[in-house]
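With chain A fixed as given, assemble chain B onto it according to the hints.
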Amino acid sequence: MDMKLLIANRGEIAVRIVRTCQELDIPTVAVYSDTDRNALHTRYADEAIKIGPTKPSESYLNIPALLDACKKTNATAVHPGYGFLSENPKFGEAVEDAGMLFIGPRPHTMSIFGDKLLARKAAREAGLLVLPGPDQPLQGLPLLSQIGNNLSFPVLVKAIAGGGGKGIRLARSQDELADVVDLAREEAIAAFGDGTIYLEPLVQKARHIEVQILGDGNGKVLTFGERECSIQRRHQKLIEEAPASELSPKERDSITAAACQLGKQLNYRSLGTVEFLMDQNRQFYFIEVNPRIQVEHPVTEMVTGIDLIREQIQLALTGEMSLVQSDINPQGAAIEARILAENPEEGFIPTTGEISYLKEPGGPGIRVDSALYQGMEVTTDYDSMLSKVIAWGENRQIAINRLKRGLTEYQIGGLKTDLVFLTQILDSHPYQIGKIDTTFLDDFNPTELIPEETLTRYAAVAAALHIHKERNFQEHKEKEGINPWRQKAWQEQTNTGS
Amino acid sequence: MADYRVYVGARTYDVRIEKDLLLVNGDQFEFDLESINGNGLHILRDRKRNIEAYLQSNQNGSYDIQINGNHLSAEVVFGFHNQTKTSDQKTGQIKSPMPGLIIDILVNEGDHVQEGDTILIQEAMKMQMKIRTPNSGTITKIYTKPGNQVDKGVLLISIDPDDNPNR
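Protein chains in written order, with my numbering: chain A, 40 to 537; chain B, 100 to 266.
There could be a bad hint or two in this list.
[Said to hold, decoys possible] Across the chosen pairs, the derived CB separations fall in these ranges:
1) PRO92/A / PRO245/B: 36 to 44 Å
2) ARG82/A / LYS240/B: 56 to 64 Å
3) GLY401/A / LYS240/B: 33 to 41 Å
Worth flagging that the hints you see were computed from the coordinates, not collected in a lab. A virtual CB, placed ideally from N, CA and C, is assigned to each residue, including glycine.
Just chain A, same shape as in the assembly (with noise of 0.2 Å):
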């Protein structure tokens, strides 16, 4: 059968996309808002078209936009991505409806996975241990001693409709409940369209462990093995690595048959990843499901050479997996940094501007997936990651090294970005050890990395040398047109005089 892929999506990830679809000689559809007219994804596909406004709701979030591009291009088969529609069931239900293949769960499995409570139910029902507290929402504010379920402070308040570190609120008293639960019903409306939340414990310095997993949607599930993504602001993901640092292969074995059993209950159909909280005991807890590639998918593929947007389009196109368990063999350890348009010093505010240079890390064990180019607007109109690094090490310091040697050769000019606080971050003892865990940001410290005298005498210098030469410039110019930049004079006077 032959396919044209329809992307509905843009930045990094249909990028990506786009890369394997030419690998598989896969006919590619970018979509546009009015913003990304230029943007990378548009000029890798094959096709591109317009399907909106910048807004995302009249763009990238519109079925009706993306039915119709599907339409005018002749596309027989959708992509998601993450974000925007990608957990949207409707979305997959409108793309199957219209006689095309869509390429993630089905659209039932989706509406599982997108309400928190529904999800804890079936990951009990499977056998997977689940946080404790009740599986129905909240209703108005009751005391938490008459909720039950062995639920205490500090508590989570949670959107049921949640999903990427939005909508989360914490409550450590009765009163702080009574503060936030409006404010989390407001939020969730605001973010989700849908204001039902439920109370969750607090797991105290919790690790974040994932599964990867893969379903042929009849009741056969492959694992990648974990991943690890302890390290977060405003819960949302900063760094991941695979395999998790000090699991034990006893724990590794339980943690990814969990995923398993999840998947095989639902008979899960495409990626999926299977999230989970390890508390201090080394007990792990379902948290969610995400039912779709996830950002941090590229370190699960460092480690095990497997293309994995690969095996979830053969899947979807033959029905068939085309590898089986022993085929999955992960190797080394795999670590990605996430590159914000953000700026740490300041409580991760957006940044904002046009990328006037850039330079990406290369070189052994370095992978970049990027969306970035030079004159591109960073607006706020969209999400704040502009790019990831990735390393592959044969072992977690060989990863850890690679990585910062690559954060350190990467150069975006023309905005404040999180590189320097991310290779801060790797350089920490704490994160060297492995001692790390979803609390790690709140309490780090960063250390200098190049002694800030050293740095702030290389700008004067700097700063001083380019007005002198842009002195001597104009003054050349008007004499003899003489340009100093080409005659490095300067070098050539430094030379012969000493």
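Relative to the frame of chain A, chain B by itself:
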């Protein structure tokens, strides 16, 4: 010889550039700066290493500089005004440090200014420079106006210094 005072964050550097000599706060260095692509990318070299520095000049004589992913702001002014005073500083004569266009004059005759205040903005090569007063005093005369193209060394503003011994 040329003297530049550079402010980077909370730090101040006095950079003196002579023919074959570069002094930073009195210490000798052997830095050279070379443009790589005409688009802001430079190599700052000393004997031991090459440092990539990405320079963007902003309005008002300030620079955004990126070194190894660190973002720094630098502001350059001509002269080290609290050191041994030159005759110009004694007499309070502000002269054009470079040929260029007068963009803005921030003071009026009769105004009182403090040492270090920005009094004038000049542009050369699309690069704007803040000209600061080397001494506190009263503006006695302004000889130019925005839009004027001036040569190097032209008298722009006269100041009657507060510590004028002839007064």
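Evaluation of the provided hints:
no., hint, in the structure
1, PRO92/A / PRO245/B: 36 to 44 Å, "holds (41 Å)"
2, ARG82/A / LYS240/B: 56 to 64 Å, "holds (59 Å)"
3, GLY401/A / LYS240/B: 33 to 41 Å, "violated (60 Å)"
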